[in-house]
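On the provided structure of chain A, position chain B as indicated by the hints.
As given, the protein sequences belong to chains A and B, one line each in that order.
Note that the numbering used here has the first sequence beginning at 1, numbered continuously upward.
Note that the numbering used here has the second sequence beginning at 1001, numbered continuously upward.
Please note that the accuracy of each hint is not assured.
Straight-line alpha carbon distances no greater than 30 Å define the calculated DSS-like cross-link-like pairs of lysine-lysine that follow [to be verified]:
id : chain 1 : residue 1 : chain 2 : residue 2
1  : B       : LYS1002   : B       : LYS1125
2  : A       : LYS148    : B       : LYS1171
3  : B       : LYS1030   : A       : LYS148
Stretch by stretch, here's where chain A covers chain B in the computed footprint (C-beta under 8 Å, at least three residues) [claimed, not checked]:
id : stretch
4  : 1143 to 1156
5  : 1168 to 1176
6  : 1211 to 1218
Think of the hints as simulated: they come from the structure by calculation, not from any bench.
Note that the coordinates shown come from a computational prediction; the quantities given were computed from them, not determined experimentally.
For glycine and all other residues, C-beta sits at the position ideal for the given N, C-alpha and C.
Each chain, letter by letter, is given below.
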Amino acid sequence: MSTPDLAVADLTVRFGGVTALDHVSFDVMPGRIHAVIGPNGAGKSTVFNTISNLVPLDEGSVHLAGVRIDGRSAHESAAAGVGRTFQNLGLFSDMTVEENLLLGTYLRGRAGWLACALRLPSATLEARRMRAEVSDVAATVGISDLLKQTQTSLSYGDRKRVELARALCMRPTVLLLDEPVAGMNPLESATMTGTIRSINEALGLTTLLVEHDMNMVMSLADTVTVLNFGRMIADGPPDVVRKDPAVVEAYLGAPSDTDSSTKEHA
Amino acid sequence: MKELAFFLLSGAALGGLYGLLALGFVVIYKATHVLNFAHGSFVLLGAYVVARFSSWSFWGALAIGVLVTVVLALLAERLLIRTMAGRAVLSVTIMTVGLDIVLLTAARTEINTQLLPTRDPWGDKQVVLLGLVMPQARLVALLVSIVVAVSFFIWLRYSRWGLAFRAATEKREAAALMGIGLGTLSALAWAIAGALATVSGVLLATYPYPGVNLDLGTIALAALPAAVIGGLESAPGAIIGGLIVGIGQILVQGYQEYLTWLGAGFHEVFTFGLMLLVLLVRPQGLFGQKEIVRA
Chain A
1 MSTPDLAVAD LTVRFGGVTA LDHVSFDVMP GRIHAVIGPN GAGKSTVFNT
51 ISNLVPLDEG SVHLAGVRID GRSAHESAAA GVGRTFQNLG LFSDMTVEEN
101 LLLGTYLRGR AGWLACALRL PSATLEARRM RAEVSDVAAT VGISDLLKQT
151 QTSLSYGDRK RVELARALCM RPTVLLLDEP VAGMNPLESA TMTGTIRSIN
201 EALGLTTLLV EHDMNMVMSL ADTVTVLNFG RMIADGPPDV VRKDPAVVEA
251 YLGAPSDTDS STKEHA
Chain B
1001 MKELAFFLLS GAALGGLYGL LALGFVVIYK ATHVLNFAHG SFVLLGAYVV
1051 ARFSSWSFWG ALAIGVLVTV VLALLAERLL IRTMAGRAVL SVTIMTVGLD
1101 IVLLTAARTE INTQLLPTRD PWGDKQVVLL GLVMPQARLV ALLVSIVVAV
1151 SFFIWLRYSR WGLAFRAATE KREAAALMGI GLGTLSALAW AIAGALATVS
1201 GVLLATYPYP GVNLDLGTIA LAALPAAVIG GLESAPGAII GGLIVGIGQI
1251 LVQGYQEYLT WLGAGFHEVF TFGLMLLVLL VRPQGLFGQK EIVRA
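Okay, chain A solo, but in the shape it has when bound (with noise of 0.2 Å):
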C-alpha cells in the first residue's frame, strides 16, 4: 500500500476549556480529493490551521508523504508542501495578480537579496523564469487576462481563482482548499468546479478541501470526512456519507433536501 500525501492522526486541539478537534484522524491518498464538511463550528477550518501550522497542536501528528509536519512554522509547512487558499481571500491587495502569483514561485527562488538589489543576471534570469511559470499556471485556471489587473479591481469568483493560482505556483503536495466556491454565483461555482476537477486530472495533485456546497463535494470528492462538535463522525465515499444516519441528523438533513439544496445551512 502507498503512503499516503497526507496523514492526519489523533489531530486534538483545544482552545481553553474548548475542544476544537477531538482525536479527528484521516488519510489522503495520492492523486484524490479529500472533502471535510460539517456545521458551521464544527473544526473544519481548525483542521486546515493545524495542518498549515497555524494552530498548534495539543495531541496528534500530520505527516506530509511521510514525513512529519506538526510542529514547524508556518513558512516551514508550505516549504515542506502544504498549499493553501483561504476562506476570507487571502490576496495582497496592493499588488497586481501577477504579484500575487509570483509570490507562490517565491519558494524555488534562489536569488538572494543583494543579488535582487543589484539586479544580477542570475537573479534576473530567474525572474524571467518565474513569470513564464505564472503565465503557464494563470493560463491553465483561465485567468491570463487578468495577470495586469490589481485584485481590488476583480470579481468575488475571479479572486478565488487567482488564490487558487497562486496555490498551484507554489507546485504543493498537498491543496488545501478553504471553501473555494463560497460566495460564488452558480456560473462562478460551476466553472471552479471544473477548474478543480481538471487540475486533479491533469496533474494528479492531492487535494483537501472544505466546502459548504454539498452539490460540489458530492461531485468532485473521493472520500468525504464529515466533523460536528470537532469529532469526526463519519469518513467515507460521498454516496456512503450522505447516506449516515448521524450525517443526516448532524449535518445534511432529510435526504431530499440533500439533492436539492446547493448550499448548506449556516
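Structure of chain B alone, referenced to chain A:
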C-alpha cells in the same frame, strides 16, 4: 529668483537625507510595527566609525561603518524582537529608547566635545550648477539620496525579496503560508535600516553638520516627523515626507526675516508644527493607509 532656487536645491539635499533617515524608521516599522528610537544612535555610531577609520581610506571606512551598524541592527533585532516575540509592541518600542540611551552614553564618553572629520572626497569644494554656486557636499547628498531611494524602490517592486517584504508587511499569516520566513524578513528590515543609518550619518556629517559630533545622534529625531508626515507605513511617503520637511525647513530659515511675527526660533519648531497639522487632518500620514477596525 536665484535665491529661491538655491533654497530649493539645498532643501532638497537636506530633505533627501531626512528621507533616508525616515526610510530607516519606516522599513523597521513596516516589518515589525516597532518605532526604533535607537535609529539616531545608529546614525551617530555609523558616522563615528567612518570618521575613526577614514584616515586609512574613506571608502574602506564607509564599508566598515555600514558593516558595524548592520551587525548592531541585527543584534538589536535578535535581542529585542525575537526575545520579545508575542509581547506588546509598545514594550519593544520602549526598549529601543533604552538602547538609544545606552549607545548615546557610550558615544558621549568616546566623542565628548570633539568634532571628527569624515575626510570625504568632496570636502568643502563648491560647484556651479544652473548658475548657482553650491557646496558639492549638498549635491552629493541629493544624488546619493536619489540613488539609494530609487534602488530601494526597484528592489521592493521587482525582486522576489521585495515582493516577499511587501507581502509580509500586508498580511503576515498569508505571507508565511507562501513560505516566506517572517523572522528572516524582520532581520533584513533591521539590516537595511542599519545600512541606511551609516550612509545618512556620513552625508549629514558633511551637510548640514561640519563633522561627526554628538548632535548627530539627535538628528534622527528631527527626521521622525518626516516619517510621520509621509505615513509610517509608506516607503515612498518617507522620502516625500523628508523632502517636505527639508525644503520647508530651509525656506523658513532662509526667509525668516519675513516671518518674525511667528517668533525668532520658528524654523526650529516648524517641522513639528507641520507634523501636528498633518496628524490632525490625516492621522495616517499623507501616504499611509487608514486602518480599518471592525466594530
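If you draw a straight line from the CA of LYS148 of chain A to the CA of LYS1171 of chain B, is it 30 Å or shorter?
-> With a Cα-Cα distance of about 21 Å, the restraint between LYS148 of chain A and LYS1171 of chain B holds, given a limit of 30 Å.
For the stretch 1143 to 1156 of chain B, does the count of residues with a C-beta closer than 8 Å to a C-beta of chain A reach 3?
-> The restraint on the stretch 1143 to 1156 of chain B holds, since 3 of its residues have a Cβ under 8 Å from chain A and three suffice.
Below or equal to 30 Å on CA atoms is what counts here, so check LYS1002 of chain B against LYS1125 of chain B.
-> The hint holds at about 20 Å.
Are there three or more residues in the stretch 1168 to 1176 of chain B whose C-beta lies within less than 8 Å of some C-beta in chain A?
-> Contact hint for the stretch 1168 to 1176 of chain B vs chain A: holds, 6 residues under 8 Å.
Examine the stretch 1211 to 1218 of chain B for residues whose CB is less than 8 Å from any CB of chain A, and state whether their number is three or more.
-> Coverage by chain A is violated here, the residue count being 0 at a Cβ distance below 8 Å.
Within 30 Å, alpha carbon to alpha carbon, are LYS1030 of chain B and LYS148 of chain A?
-> With Cα atoms ~25 Å apart, LYS1030 of chain B and LYS148 of chain A stay inside 30 Å; holds.
Consistency note: the structure conflicts with earlier hint 6 alone.
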